[in-house]
Amino acid sequence: MVDEYNFEAPLVMHIDLNSCFASIEQQSRPRLRNRPVAIVNRATEHTALVTVSYEAKALGVQPLMRLHDARKLVPSLVALESDPAKYRYVYKKLLAIMQDYSAHVTMKSIDEGIIDFHQAPVSVQSKGLEAIGYEIKQRLKDEVGVAMRCNTGIASNRFLAKTAASLNKPDGLDVITPDNLKQVLGGLKLTDLTGIASRNKARLNAVGIFTPLDFLAASEETLRRVVFKSVDGTKWYRRLRGFEVDDVESKVGRVGRQYVLESFDLTQDEVLQRLHHLCESVGWRMRRQNLAARGVYVYAKAADRQYWHACQVSPLPFYSNQAIYGIARRLFSGAPEGIREIGVHCYELTSMESMGQMSLFADELARERAVVAATDDINERYGERTIVSANTIDTGIYVSQKIPFGSTRYL
Amino acid sequence: MNDELVLNEQIDVVALFRPGRTMCEPIKFRRRNGREIVVTEIGLRHPRAHGRRTVHVFDVTDGSADYRIEFDAESLTWRLTREADKW
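Residue numbers (our numbering), protein chains in the order written: chain A, 1 to 411; chain B, 1 to 87.
These aren't lab readings, by the way, just hints derived from the structure by calculation. Do not rely on the hints blindly, as some may be mistaken.
Claimed, not checked - Here are the simulated BS3-like pairs of lysine-lysine, each with C-alpha atoms no more than 27 Å apart in a straight line:
no.: 1; chain 1: A; residue 1: LYS182; chain 2: A; residue 2: LYS141
no.: 2; chain 1: A; residue 1: LYS141; chain 2: B; residue 2: LYS86
no.: 3; chain 1: B; residue 1: LYS28; chain 2: A; residue 2: LYS141
Unchecked claim - Label pairs and their computed distance ranges (CB to CB):
no.: 4; chain 1: A; residue 1: LYS182; chain 2: B; residue 2: THR54; range: 30 to 40 Å
no.: 5; chain 1: A; residue 1: PRO75; chain 2: B; residue 2: SER64; range: 15 to 25 Å
no.: 6; chain 1: A; residue 1: GLN99; chain 2: B; residue 2: THR54; range: 16 to 26 Å
no.: 7; chain 1: B; residue 1: ARG18; chain 2: A; residue 2: ARG199; range: 49 to 59 Å
no.: 8; chain 1: A; residue 1: PHE210; chain 2: B; residue 2: GLY20; range: 48 to 58 Å
no.: 9; chain 1: B; residue 1: ARG21; chain 2: A; residue 2: ASP214; range: 46 to 56 Å
no.: 10; chain 1: A; residue 1: LEU64; chain 2: B; residue 2: THR54; range: 33 to 43 Å
no.: 11; chain 1: B; residue 1: ASP85; chain 2: A; residue 2: PRO170; range: 22 to 32 Å
no.: 12; chain 1: A; residue 1: THR350; chain 2: B; residue 2: VAL38; range: 52 to 62 Å
no.: 13; chain 1: B; residue 1: MET23; chain 2: A; residue 2: GLN258; range: 32 to 42 Å
no.: 14; chain 1: A; residue 1: GLY383; chain 2: B; residue 2: MET23; range: 21 to 31 Å
no.: 15; chain 1: B; residue 1: PHE17; chain 2: A; residue 2: GLN99; range: 25 to 35 Å
no.: 16; chain 1: A; residue 1: ILE378; chain 2: B; residue 2: ARG18; range: 30 to 40 Å
no.: 17; chain 1: A; residue 1: GLU130; chain 2: B; residue 2: SER64; range: 33 to 43 Å
Keep in mind it's a predicted model, so treat the numbers as computed, not measured. All C-beta atoms, glycine included, are put in the ideal place defined by N, C-alpha and C.
With the sequences and hints as input, model every part of the structure.
Here's what the structure looks like:
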């Protein structure tokens, strides 16, 4: 087993936009710069904060706080509703800047991405990654705006590059090498490491690992056999030493949407309307990725935090909104009372081309496909939700499109 | 939430089209009531798709209020859609 550190030159760069949505709003509205700003997904006092500006963080406001609690803390807090089109534009600008340096760019979410310089041209590599990091920071200011800042981390693998990018916020640039690895880890807590939350922390604590330095000192065998009881232990052993173990492409496993009801006293029909809206949205997303599904999963969260779910797998794949809603509605008949949140996911995904299998209902399916293709064509030409089911014609004001955190598939 | 006004007002705009951060720079605009607003900073310009039609959204300020003006690249018209004089 490898017992050394990875001594190759650090060629992985992690870029993380600082307080992304709040910074973008401060960029677009100059009078909000240097002021406490919070971004929310819905214009109500009970909504949770999605992002907060550094000025708000300095006053004790944190993401996920409820707006009315944050306002008690900072009465001058400016709350703005999220503007997905604007954030998507900045995401695309950042992606374009990053792609100027390497063909191997992976966006991890709307506000962070990785540039792998291993196969970048010598002319790019010879500039030095630190110089490139500062250049990217400057380009972000020149090409998007002066209020935009990003944290940059450089290391020999993705994990350490992300760790480096979190060291000095905002606007930092840090490099982790085997020379300073122990010094950097010595200043962190276990939960500062990406991938170590409460459960993994408890596992590590159970064997006497309380700090990242203890974690680094643990043997591969201890991590594999005792702590993680799987190959994950070996991965952590290598990850901490700068070897790349996270360069894996994730496959789309499911497509879904959820919605917290705008009011908790909606009738069953009104809840079903919103479920129908979600099914239309999921169907549209799936078809834009050329996917069909065989499974539908629906869930509901009740006021007492009770979680209810149901699912069904069909023998043949489907992709029309009506097919998804038909199954979801049937499944939803068993949902409990007093629902606060609903969600629908399609899974067992397959390519739309693979749906050529003959069926007893071939004519009916062909008609359905023609209708779906025609409505999608109109929606693509004139805008999403130009044609929708009559049932969901007035749900758009509630179930509006939000920014997908953690995935860049729909950007 | 805040005191932003949502509007849909056609406006007359003087703009410069030249290479740069936003490519198109609204310099000043005149509202239906005759009031002229001189843009002191363009915060951000971003495109928004309405199907295959693109509208370019400009968030601008004159120093005392923030405005959103939108340029419809198909009909070549400008509209004032947001105004906020205090946050």
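So, going through the hints one by one against the coordinates:
1. For the hint linking A:LYS182 to A:LYS141, the alpha-carbon distance of about 33 Å lies beyond 27 Å, and the restraint is violated.
2. Between A:LYS141 and B:LYS86, the direct Cα distance comes to roughly 26 Å. Compliance with the 27 Å bound is thereby established for this hinted pair.
3. Taken as a hint, the B:LYS28 and A:LYS141 pair is honoured in the structure, with Cα atoms around 24 Å apart against an allowance of 27 Å.
4. Hint check: A:LYS182 to B:THR54, Cβ distance near 52 Å, so the stated range 30 to 40 Å is violated.
5. At about 22 Å, the beta-carbon gap between A:PRO75 and B:SER64 stays in the expected band of 15 to 25 Å.
6. Checking the proposed 16 to 26 Å range against A:GLN99 and B:THR54 shows it holds: the Cβ atoms sit about 22 Å from each other.
7. The hinted window of 49 to 59 Å between B:ARG18 and A:ARG199 holds, with their beta carbons roughly 55 Å apart.
8. Distance hint check: the CB atoms of A:PHE210 and B:GLY20 are about 53 Å apart, consistent with the given range 48 to 58 Å.
9. Roughly 48 Å separates the CB atoms of B:ARG21 and A:ASP214, a value that falls within the hinted 46 to 56 Å.
10. The beta-carbon spacing between A:LEU64 and B:THR54, approximately 35 Å, falls within the hinted interval of 33 to 43 Å.
11. Range check, B:ASP85 to A:PRO170: Cβ separation about 29 Å, and the 22 to 32 Å hint holds.
12. Range check, A:THR350 to B:VAL38: Cβ separation about 57 Å, and the 52 to 62 Å hint holds.
13. Between B:MET23 and A:GLN258 the beta carbons are some 38 Å apart, a value that agrees with the proposed interval 32 to 42 Å.
14. In this structure the supplied range 21 to 31 Å holds for A:GLY383 paired with B:MET23, their Cβ-Cβ distance being about 23 Å.
15. Hint check: B:PHE17 to A:GLN99, Cβ distance near 26 Å, so the stated range 25 to 35 Å holds.
16. At about 37 Å, the beta-carbon gap between A:ILE378 and B:ARG18 stays in the expected band of 30 to 40 Å.
17. Between A:GLU130 and B:SER64, the C-beta spacing of about 42 Å keeps the proposed range 33 to 43 Å intact.
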